[in-house]
Amino acid sequence: MQVDWLAGTSGYSYKEWKGSFYPDDLAAGDMLAFYASKLPAVEINNTFYRMPKRSVLGTWRDSVPMSFRFSIKASRRITHQSRLTNCEEAVEFLATGLETLGEKLGCVLFQLPPYLRKDNERLDAFLSIWPKAFPAAMEFRHASWFDDETAETLARHGAAICLSEDGELPMPGFLATTDWLYLRLRKPDYDNEALAAWIARGEDSDASRAFAFFKHEDEGAGPALAHRFLDLAG
Numbered sequence: 001m002q003v004d005w006l007a008g009t010s011g012y013s014y015k016e017w018k019g020s021f022y023p024d025d026l027a028a029g030d031m032l033a034f035y036a037s038k039l040p041a042v043e044i045n046n047t048f049y050r051m052p053k054r055s056v057l058g059t060w061r062d063s064v065p066m067s068f069r070f071s072i073k074a075s076r077r078i079t080h081q082s083r084l085t086n087c088e089e090a091v092e093f094l095a096t097g098l099e100t101l102g103e104k105l106g107c108v109l110f111q112l113p114p115y116l117r118k119d120n121e122r123l124d125a126f127l128s129i130w131p132k133a134f135p136a137a138m139e140f141r142h143a144s145w146f147d148d149e150t151a152e153t154l155a156r157h158g159a160a161i162c163l164s165e166d167g168e169l170p171m172p173g174f175l176a177t178t179d180w181l182y183l184r185l186r187k188p189d190y191d192n193e194a195l196a197a198w199i200a201r202g203e204d205s206d207a208s209r210a211f212a213f214f215k216h217e218d219e220g221a222g223p224a225l226a227h228r229f230l231d232l233a234g
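Per the working numbering, the very first residue in the sequence shown carries number 1; after that it's consecutive.
I should point out that these hints are in silico values taken from the structure, not numbers from a laboratory. A couple of the hints might just be wrong.
[To be verified] Quick list of in silico lysine-lysine cross-link-like pairs, DSSO-like style, CA-CA up to 30 Å:
(1) LYS132 <-> LYS15
(2) LYS18 <-> LYS38
(3) LYS38 <-> LYS53
(4) LYS118 <-> LYS53
(5) LYS187 <-> LYS104
(6) LYS38 <-> LYS187
(7) LYS132 <-> LYS118
(8) LYS18 <-> LYS132
(9) LYS15 <-> LYS118
(10) LYS118 <-> LYS18
(11) LYS38 <-> LYS118
(12) LYS38 <-> LYS15
(13) LYS15 <-> LYS215
(14) LYS215 <-> LYS53
(15) LYS53 <-> LYS18
(16) LYS215 <-> LYS18
[Said to hold, decoys possible] Computed Cβ-Cβ distance ranges for the label pairs, DEER-style:
(17) ALA125 <-> ALA197: 16 to 26 Å
(18) SER144 <-> PHE93: 21 to 31 Å
(19) SER13 <-> GLU149: 37 to 47 Å
(20) LEU232 <-> THR85: 24 to 34 Å
(21) ASP24 <-> THR85: 17 to 27 Å
(22) THR96 <-> SER13: 38 to 48 Å
(23) ARG228 <-> THR85: 18 to 28 Å
(24) GLU203 <-> LYS118: 46 to 56 Å
(25) ALA224 <-> ASP119: 16 to 26 Å
(26) ASP119 <-> ASP24: 22 to 32 Å
(27) ARG83 <-> ALA33: 21 to 31 Å
(28) GLU16 <-> ARG50: 17 to 27 Å
Being a predicted model, the structure only gives us computed values, none of them experimental. The C-beta atom is built at its ideal place from N, Cα and C for all residues, glycine as well.
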């Protein structure tokens with residue numbers, strides 16, 4: 001199946017990228033607009049620690065074209081402190097902020113702690129309260145989650161599994177649990193063969209859209225990898 005690939009990096013506001021990606025004289029406040037003129041999506045990670053004011057989110061929204069999409073990492077209050085339970089207040093607070101991004105919100109990433117083992121009832125209960133208007137991707141960092149029951153629960157709620165390639169965990173035996181994919185490609189470098197293999201996996205799935213985010217490196221390799229990925233995807 002032909003996939004609409006949205007590739008980018010985890011974060012964008014890095015002064016270390018000046019000279020390799022950003023112009024040397026680019027002001028910090030202009031980085032997002034410049035980034036969005038080159039790549040179609042970005043994964044925002046600082047929202048894990050603190051959700052920006054709605055005015056800031058509005059500035060982000062207005063700095064990018066209509067086709068651009070944000071992936072927002074969910075608050076640690078939900079994933080690490082509450083561990084997906086008794087977090088209705090935090091969910092409501094996050095959802096209120098996400099509304100500001102409007103159609104430019106691509107999805108929300110829930111990165112679970114590595115010590116949280118599989119608990120299907122916990123996952124099912126959380127996805128039952130998560131607003132369906134905001135597509136959710138779950139990043140499991142304990143291998144116990146990688147089974148058919150988890151895949152079925154995600155599919156029932158229309159949530160995606162986040163596939164994170166960092167060399168520390170085995171990859172799950174399933175790829176798509178809904179009609180979109182979420183990849184975090186965390187190795188410092190990829191050759192064209194490795195990138196093409198991920199593209200082929202996506203096109204062999206039932207997904208029509210896919211996010212692929214590369215790791216931030218001081219050398220600015222992430223944007224170049226995202227560009228190469230998109231070129232290969234056609």
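Item checked: Indices of hints not satisfied (ascending) -> Hints 1, 4, 8, 9, 10, 11, 17, 20, 21, 22, 23, 24, 25, 26 and 27 are the ones this structure does not satisfy, whereas the remaining hints hold.
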